[in-house]
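> Now for the letters of each chain:
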Amino acid sequence: EKITLRVGYFPNITHAQGVIGSHSTREKHGWFEQRLGPDVTIQWYPFNAGPSAMEAIFAGSIDLTYVGPNPALNAFIRSQGDEIRVLAGSALGGAALVVPGDGRITQPGQFKGLRLATPQLGNTQDVAARAWLKQQGFKTTLTGGDVLVLPTANPDQLSLFQQGRIDAVWTVEPWVSRLELEANGRVFLEQRDAVTTVLVSSVKFLQAHPDLVVKFTAAHRELTAWLNEHPDEARAQVRAGLSAEMRREMSAGIVTSAWSRLKFSDQVTQKQFEALVTEAQGVGFLRNAIPLDRLFSRQP
Amino acid sequence: MKRFLTATAFFVLLIAAWHWVYVRRFWSPVLVPSPESVGRYLWEIALDGSLWSSTVVTMKRLVAGYFIGLLAGLPLGFLTARVRVLRDTLGMLALGLQGLPSVCWVPLALLWFGQTEGAMLFVVVMGTLWSVILATETGVRNVNPLYIRAARTMGSQGVHTWVTVMLPASLPFIVSGMKQGWAFAWRSLMAAEIYVTILTGFGLGHLLHYGRELNAMEQVVGIMLVLLLIGLLADKILFSPFEKFLHRRWGTEK
Amino acid sequence: MKRFLTATAFFVLLIAAWHWVYVRRFWSPVLVPSPESVGRYLWEIALDGSLWSSTVVTMKRLVAGYFIGLLAGLPLGFLTARVRVLRDTLGMLALGLQGLPSVCWVPLALLWFGQTEGAMLFVVVMGTLWSVILATETGVRNVNPLYIRAARTMGSQGVHTWVTVMLPASLPFIVSGMKQGWAFAWRSLMAAEIYVTILTGFGLGHLLHYGRELNAMEQVVGIMLVLLLIGLLADKILFSPFEKFLHRRWGTEK
Amino acid sequence: MTLATELQAAPSAHLAIDKVTKWFETSRGRVQALDEVSLQVAEGEFVCLVGPSGCGKSTLLNMIAGLEMPGQGSVEAGGQPVKAPSRERMMMFQESALFPWLDAYGNVMFSLKRKPGLTDRERREVAEYYLKLVGLEKFMHANIHELSGGMKQRVALARALAPNPRVLLMDEPFAALDAMTREQLYGDLQRIWTQRHVTIVFVTHNVREAVCLGDRVVLFSPHPGRIREEFKVTLSRPRDINSVEVAGYATRITRALKDHMEHGAGI
Amino acid sequence: MTLATELQAAPSAHLAIDKVTKWFETSRGRVQALDEVSLQVAEGEFVCLVGPSGCGKSTLLNMIAGLEMPGQGSVEAGGQPVKAPSRERMMMFQESALFPWLDAYGNVMFSLKRKPGLTDRERREVAEYYLKLVGLEKFMHANIHELSGGMKQRVALARALAPNPRVLLMDEPFAALDAMTREQLYGDLQRIWTQRHVTIVFVTHNVREAVCLGDRVVLFSPHPGRIREEFKVTLSRPRDINSVEVAGYATRITRALKDHMEHGAGI
Ligand SMILES: Nc1ncnc2c1ncn2[C@@H]1O[C@H](COP(=O)(O)OP(=O)(O)OP(=O)(O)O)[C@@H](O)[C@H]1O
Ligand SMILES: Nc1ncnc2c1ncn2[C@@H]1O[C@H](COP(=O)(O)OP(=O)(O)OP(=O)(O)O)[C@@H](O)[C@H]1O
Ligand SMILES: [Mg+2]
Ligand SMILES: [Mg+2]
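Protein chains in written order, with the working numbering: chain A, -1 to 298; chain B, 911 to 1164; chain C, 911 to 1164; chain D, 6 to 272; chain E, 6 to 272.
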């Protein structure tokens, strides 16, 4: 019978597979449709934040989604492992700590008393920033500490950074590139192997259509491989996809620059997630964690 | 005509001031785009049709949500004003709920409607309904009791009194409440278009949101201008005739 | 007392219904948390003091923003109602701006105030001001002209007429507008606390937002309940006495 | 209400007010408006109430209309206790109580529309007839605020008369009218009354007016409102307000009023 | 305005209305309220306006008060064109126009507070004095909606008299009052008028009242409002409304009114 697959993604370069997938659907040569057969239609839902996508999974209004590892982890723990599963990796890297390009900051020790912006409290970059600061011997709290960590929306980060009202930014592509290109920022630190995007499924859907999930995952892996083999074509596709979705021409320069900092891979391990849990616990964001054994399981 | 000229002159002046601020470079041009770039942006989306299509999408949602809110809110407001038990329950609830930000309703909307137009409508209605209820309630409670008494001795009762006496007698209030409700509906819809992802249409809220997401200030400002203009037009079309009629009939204001 | 009991009974009933929905597992328990877990969450933050401290932070901002909006909006509303030129300029502007979502003001706020309390206040004031202006304007324009005429023959002019005649005569409207303004202020503040991060205080909006960010629905629902409660209390403290007084003096409603 | 229940529910228009006492609660304490007032009005009778300002005339009318409930005692119309207002007991208020959102014609039509058994055309004709009767044919579609004080009162009069109720409660209906308009309306009112057998309770400060119109004139004294004396007026109809007989009655009643005021002042 | 400019700005209270014509624009077209009305009122004179409903009496009063502007012609007070209302020309409106957000006392104090040169204590005493004069000492702190029709009118009267203006414009001030209260107030008003040398323009439908109070009675006819005739009343003061002399004048004036109405109806 006919079936509709509802898939979430962010119109963002770190979700390249989702962007290409949705764009190809829009252009009537769907990458996934070709591999899932004629009985399957795919609807692509653009989200703008991980928690919203997870909410949609809980509400049963989408089946699969590309999402950052922290929201996925959070959703897994929140639902006691009952509602969500990770199917595959998607992207690594792309996050960086950016400082002003004037050479003012060269040593980690110089961060004392500065204002450091992260995209969202408790998100992947926020946790990473706080963990790194802790490593450097700084104390941070929600409302103060040795370094003032200010969760600030990405576009606001850019303007505040330009104005000199914040001193450093820990964020993810394409904002790292934009900070470099538009605000004379300099990358101080990069975590090239940090998980940035994964593909997840709701347990309900997994149970109802295990075969479809397998097929979709396979198509995703294939797409990831294609992405790495044809970077130029892929970049063009991503750019076109983003432009179509956001109704606004993407700058090729930023896409290229961001691309160079990202690594697309379908591999992701439980270990990587466990490291995230440890980090989050270390900075006080996660209190009652549960074992992650079921995170990759195909069983309920 | 004179009024129109004053208004135009005023807005032209505002734009001139803005241009001056831009030219003097008080702030980064990324943050304060030039009137020209905003104009160019608007021109572009007007040409490629996306301005029109997203306006239509948004207006459809807005009008639907607003009228549902109004149609439900007016009778409920009447009831809460006249029925003690309802005032202590529904009225209380409305008071508490009207201050809740729209984003609170999103999870419920998804649960009940999934990612459909229905969810979007739900958020808009929840953002509008309570304030319409409260405005109607206040209006009805402030009706001069003499009118109601007069109507009752003429044999008017129940629904008839509500429709033919309390409604027109509290119309000045209700129109004021409707205007506020309209503003609430707008704001809720903009939130809904950001938070509820659906496929059935790309509205002005999305344009605004993506403008902000991409830090494209000329887009943000451009869409703000469009919203402003629609607000003014709506007032002219929806509320001004009402108000004019009221003022003429009641003899308030010359 | 009886009213209080009705209200309590009603809310107890609502909670019972919610519990039933939870137990029957119609929806994912992550999205519809149990009343118990919400209670537990509220109890925890009440014990560790964060409920109190964020309420205080939020209330300070709200009250400051609201009163600035009120203090600026009332006189501006009077002026727009009485001065033709202002109505065609400022009045038009207010009409257009009141529908803009709060998020539109965030970039400007950050530009002018940076990440400070000032920015937060700015967003709240922009969310409140226009609607207060419009409500006051409508109120003043609906004042029975007989009162103004009477006052003028008694030698009342200008500011005196505004303060001693138009203000009290339009008070029923203004109170209604103030209530709506209060709701606008709340919603704007919640948006501001989401969009403007500052270190001078962690408010209820942040708790709500982070609850959502972490998919902690019991936190979201808990804070919603707190907001609801504050809304009700505010009405009891800020507006009810006004309304009671008005109804007694004007003889509207028994 | 359907027409059937309507017709069936129309009992005799006899009014019986029995030992009615009325207090108002105010922020300054209780105000007693009426004290053990008893009054019988036969069907088709024309009773005028006269008394100083604040003696409870309007309050009594309100109670007959069913707009206020007595604190003690009972009010009955046609043998049934009055519990709510009814179209059969039409009230013309002291303040004109016109609806500002309707024009003069709309106000008259409002009361007519509540009367069943008429076609729209009949309603329109009746409304026009009464507006003409009160001399406002030219102001049919004027907004209420554009009318002079006396014109407003005349619209209110038309509104009360048009649906032809069985009981008419009129609270100083001619206070804002000049003598000549008034005299014309005395004639009209008496004609309507005799032709239609309406029961009328009429409040006025003009003793001559009371004598000219009423079968009976009831005197009130204030603080608290009490009935002091009643006068039967047995002059033949139609009466002329400027006639010597009317003047004679009026002088007697005025004297009685003064007496009651002087002696009753301390009560 | 300070006290100094106040005193200096108080010219004679002579009123001069010269060929005043007034139209109102309504949705149904123009309504002519007054047609070339001319009237001189000397300082300290008591002029009564009498005429049928809708003949423009209230409109004329509004123009003297400065609340409406004449379409043509001019209105002068003390030699100065009337451009705006002033405390020196106090108006008592046909509808009571009391402020419902103040109690009775507050309403009287409102007009007093605008009068400079008094201490708060004096104001309080004056307000109490006038409320007592109109017999409302017990209702000093009553809300307006709790007052009877006549009581409201009396509060409005106290409010108009209290600040002792130089010109008093009164629009049917006693219409809602009973004969006895009225008679008492006739006496009070005449006393105040002679003692203080106030100029009074007084609208009434009661010709006897006009004769009892006025130095002059001016007759209006309607559609459009015109002055038809003037009567000088030369009776000595104080006058008693029930006296034969007053009745004699009244009969004459009433006859004149009727004549004008009958002959002028076609105009
Ligand atoms: N709603 C009310 N609340 C409190 N007191 C009231 C109310 N209505 C009337 N009263 C009081 O009851 C008394 C009688 O009032 P009512 O209006 O019946 O007098 P009335 O005889 O009609 O006088 P008038 O001739 O002046 O119209 C007055 O003392 C008045 O103050
Ligand atoms: N604001 C207005 N708009 C339109 N027409 C008006 C207005 N005010 C008065 N008129 C008209 O002007 C005429 C005179 O009205 P005015 O109130 O002066 O009469 P009046 O002599 O005071 O009558 P009354 O004795 O009934 O109070 C009337 O025909 C009335 O309809
Ligand atoms: Mg009365
Ligand atoms: Mg008049």
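Just so you know, the hints here were simulated from the structure itself, not pulled from any lab data.
Ideal Cβ positions, reconstructed from N, Cα and C, are used throughout, including at glycine.
Please note that the accuracy of each hint is not assured.
What the hints assert, rightly or not - Computed list of chain B residues with no C-beta within reach of chain D, every gap over 12 Å: (1) Arg950; (2) Thr1063; (3) Thr1110; (4) Asp1145.
To be verified - For each label pair, taking beta carbons as the anchor points, the in silico distance ranges come out as: (5) Asp125/E to Val993/C: 27 to 35 Å; (6) Leu957/B to Phe921/C: 53 to 61 Å; (7) Thr31/E to Lys1146/B: 22 to 30 Å.
> So, for every hint listed, does it hold in this structure?
Status of each hint after checking the structure:
1. Arg950: Given that every Cβ of chain D is farther than 12 Å from that of Arg950/B, nearest at about 49 Å, it holds.
2. Thr1063: violated, 4 Å
3. Thr1110: Its Cβ never comes within 12 Å of chain D, the nearest being 41 Å, so this holds.
4. Asp1145: holds, 21 Å
5. Asp125/E to Val993/C: 27 to 35 Å: holds, 33 Å
6. Leu957/B to Phe921/C: 53 to 61 Å: holds, 55 Å
7. Thr31/E to Lys1146/B: 22 to 30 Å: holds, 25 Å
Hint 2 from the list above is the single one not met by this structure.
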